[in-house]
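Engineer: Residue numbers (numbering that gives the first Met the number 0), protein chains in the order written: chain A, 0 to 490; chain B, 0 to 490.
Careful: at least some of the hints might be erroneous.
Copies of the same chain look alike in the list, so a pair counts if it fits in one copy or across any two.
[Unchecked claim] Here are the simulated SDA-like pairs of lysine to any residue, each with C-alpha atoms no more than 20 Å apart in a straight line:
hint : residue 1 : residue 2
1    : K133      : P38
2    : K336      : E57
3    : K326      : P463
4    : K488      : I462
5    : K56       : D253
6    : K259      : L114
7    : K296      : D23
8    : K56       : D23
9    : K452      : D367
Since the hints were derived computationally from the structure, they do not count as laboratory data.
Protein chains: 2
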Amino acid sequence: MGKHLTKRDDDYSKWYNELVVKADLAENSAVRGCMVIKPYGFAIWEKMQAELDRKFKETGHENAYFPLFVPKSLFEAEEKNAEGFAKECAVVTHYRLQNDPENQGKLRVDPEAKLEEELVVRPTSEAIIWNTYKGWIQSYRDLPLLINQWANVVRWEMRTRLFLRTAEFLWQEGHTAHATKNEAITEAKQMQDVYAEFAEKFMAMPVIKGVKSDSERFAGAEETYTIEALMQDGKALQAGTSHFLGQNFAEAFDVKYTSKEGKQEYVWATSWGVSTRLIGGLIMTHSDDSGLVLPPKLAPIQVVIVPIYKNDEQLNAISEKVNEIVKDLRRKDVSVKFDNRDTFRPGAKFAEYELKGVPIRIAIGARDLENGTLEIARRDTFEKKSINQSDALSYIENLLNEIQENLYNKAVNYRKENTTKVDDFKEFKKAIKKGGFVSAHWDGTEETEDRIKEYTKATIRCIPNDAIEEEGICVLTGKPSSKRVLFAKAY
Amino acid sequence: MGKHLTKRDDDYSKWYNELVVKADLAENSAVRGCMVIKPYGFAIWEKMQAELDRKFKETGHENAYFPLFVPKSLFEAEEKNAEGFAKECAVVTHYRLQNDPENQGKLRVDPEAKLEEELVVRPTSEAIIWNTYKGWIQSYRDLPLLINQWANVVRWEMRTRLFLRTAEFLWQEGHTAHATKNEAITEAKQMQDVYAEFAEKFMAMPVIKGVKSDSERFAGAEETYTIEALMQDGKALQAGTSHFLGQNFAEAFDVKYTSKEGKQEYVWATSWGVSTRLIGGLIMTHSDDSGLVLPPKLAPIQVVIVPIYKNDEQLNAISEKVNEIVKDLRRKDVSVKFDNRDTFRPGAKFAEYELKGVPIRIAIGARDLENGTLEIARRDTFEKKSINQSDALSYIENLLNEIQENLYNKAVNYRKENTTKVDDFKEFKKAIKKGGFVSAHWDGTEETEDRIKEYTKATIRCIPNDAIEEEGICVLTGKPSSKRVLFAKAY
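When you get a sec, could you build the whole thing from the sequences and use the hints?
Structural biologist: Below is the structure:
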């Protein structure tokens, strides 16, 4: 199975595409640019959803559901947002099919069933949601309004890649309304923190928190807070964004509230989202030439147990022992699978779980039964150890934590090694060519950013929240700059 | 708030529409026929999802996700299924908008961005899924394939009603593949049982299990297993269906497997689904002229506590006591809300929670603090009781169970009283006019079914699984019949 996986050094992009399919995460569908998320991939998404949803609720948000379609007249109301998405909108124009008179057994669009107004399949839901909020918000008592939605959205991308960029993807989008500017900014920043904590603690994927430059900002936002991760091939991945939308949508949809003082004021807004793209980030942070590597906190199967046996008698004896261990582990909320299929040999099973990134593999044979031992192998380091059965439970619990930490630390080190401070444009070009984050001074203009992109394909990933105030000069123009920003080529 | 709810006897349909909006469950959106599910309504759906998802996984199913769009050529492959849904399909024909040259600031569909092949927004996913399964199934080892998807679907209905019939709705759709006919039928029946158990144990909504007649069967199915509930206005609601699809989709998409004996065989299929329509059924099973009534197992808030106080000092003393109770209840997994808003008076709060169907309301005032008591009111019977604080925990736990049971029993009794056995057509018409289920003999022909529908608007809801074999004659034609079927007017 995993044997024929392309090596990362040979062709990273090919390695990624093969891995996604071979590890049973997702595949391309019959619909251009749309993917099928297979059960194993979807189980990872469910784990992500559960944890994010918990965090959203903990911070006071409620879930709701808004329509898939946005009437064109609403879609275009906030002009910048509409302009940003217009070129990638799937549009519903008809509501009926009919038998094709020229083609027996085939259907065609019924020309009589043309919609009076076209419907855009949501690429994001600000428009339909703010049109709804108009009816929900009258007074300061109705604020803040803290709502999240789990949904599918469609953006007609020309070049697509499984998880990273697909025409349809799954995501969550938070849409909040506030009485004051400050409160909205605080909310947007809070959600950036929630995302960063999730990325680091659950995905074991270190991220840089920062704000986007003008040209990389969300269409319709005043400020975009982002978390940026560094992939193994030296390219950056925007992993989640949280937008302070100012009063743009409130003005476009005329959403005002009566303040405590009895004045009519426009409402302040945020929106924030992460998507199935995170699974792409997860893969490209940890996986290796043998396949997927999953952090225990997001692994659908944390421990797999493979019996090594010559006959049914041995299998029965092993199974008896294994069933005890399985019960104990489940009681500790460890998700464990006992793979007793007799249609595959142990070697094939080992390869399969390696490919699928199961963090811990236990092998147990007749000899182990005699000795009261187990062989425990970690997916992250391939280290194997023989352990007393009586110690297994605490050993496994510790090991899961250790693997989670090790993956995070490895990724932090990788990022450290691949972040370069540069002070002139020659160095800059060299560093970008090598890959990784490049920390450099920039004069703050869109023009310079554009020219740098043109010369090097690198963009400003963010102006880090923790950037130090220092005197410097722009790597390209030599104009004065007060802080370094982070450049990289990006997904 | 609840004061102005129309009475059920005056106009049931108006009562329903008002209730859905006033209890904050859902509302109509700017998109024809599409609803916004508000946080309180969505919280009920989340509780339904959690329990159903648990049951699906318990019975061996995994979740996955398939594309929103179905290319027309795939959609039309299974002809009966396509024919059944063609008239209500939203169709995507273009993938880009552009600035409208004749209308500054407006957008129009870019005529250059016409799709070569139109995409149908899924009304159901058999076609796209079976086209995918073709790649997943080669041998008997790949079977059974037991997959479920939580998704939105679109059916362009002309007359829509919140939850009951909307152009877009949320649902789950299971799609399974099996090696043998028997196994597929067993699966379809199992899921009917899963749905029935959920309806009765969680929704407290009794259902009749049965099979559909030819004319009411799912387009493309060989057999449709259904659960049918009776609403308070005497109309039936189809609450969930499970279909045995034979080899129809396997043939349409050429999905074959190699059997143990090395032969190529078409795969057998089932599909099954329940949707946000269940929330409509929940409302029309239990609610009353004061508003929503929720069974405790699906209530987002099971217990609400309202403080009765004259000044801050009293509120503080009450809050201290309440916080203890809240902690105790949460430890027992009871979801409880302490409503200490000072912007509303107790009377307004009482009305609000009555309208929203919170099963148990606790009021606590200064006098209660002195006496060590609480006033506990049940939503289902409006009964109030003063309880010692020390007994509160076990009293509430019991009461939640009692309310759950009481609601179920009431609904069973209502159905019993509104199910009529009739043996001639005059009685039949009278019984249908009165409302409820009518149990009658039928000659088994579609023609008779059509004529009965024409005369009375009643349809065959199902041929009950537990129908007794008995000699009888069809109420309309007098032709021989071997079992009674269930007629009703239906949603």
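Engineer: Hint by hint, say whether it matches the structure.
Structural biologist: A quick look at each hint next to the structure:
1. K133 to P38: between (39 Å within a copy, 16 Å between copies)
2. K336 to E57: between (31 Å within a copy, 15 Å between copies)
3. K326 to P463: Cα proximity of K326 and P463: none, with 47 Å in one copy and 41 Å across.
4. K488 to I462: within (15 Å within a copy, 64 Å between copies)
5. K56 to D253: For K56 and D253, the Cα distance exceeds 20 Å both inside one copy (28 Å) and across copies (46 Å).
6. K259 to L114: Answer is neither: 44 Å inside a copy and 52 Å across each miss the 20 Å cutoff.
7. K296 to D23: within (19 Å within a copy, 36 Å between copies)
8. K56 to D23: Between copies only: 19 Å across, 31 Å inside.
9. K452 to D367: neither (59 Å within a copy, 71 Å between copies)
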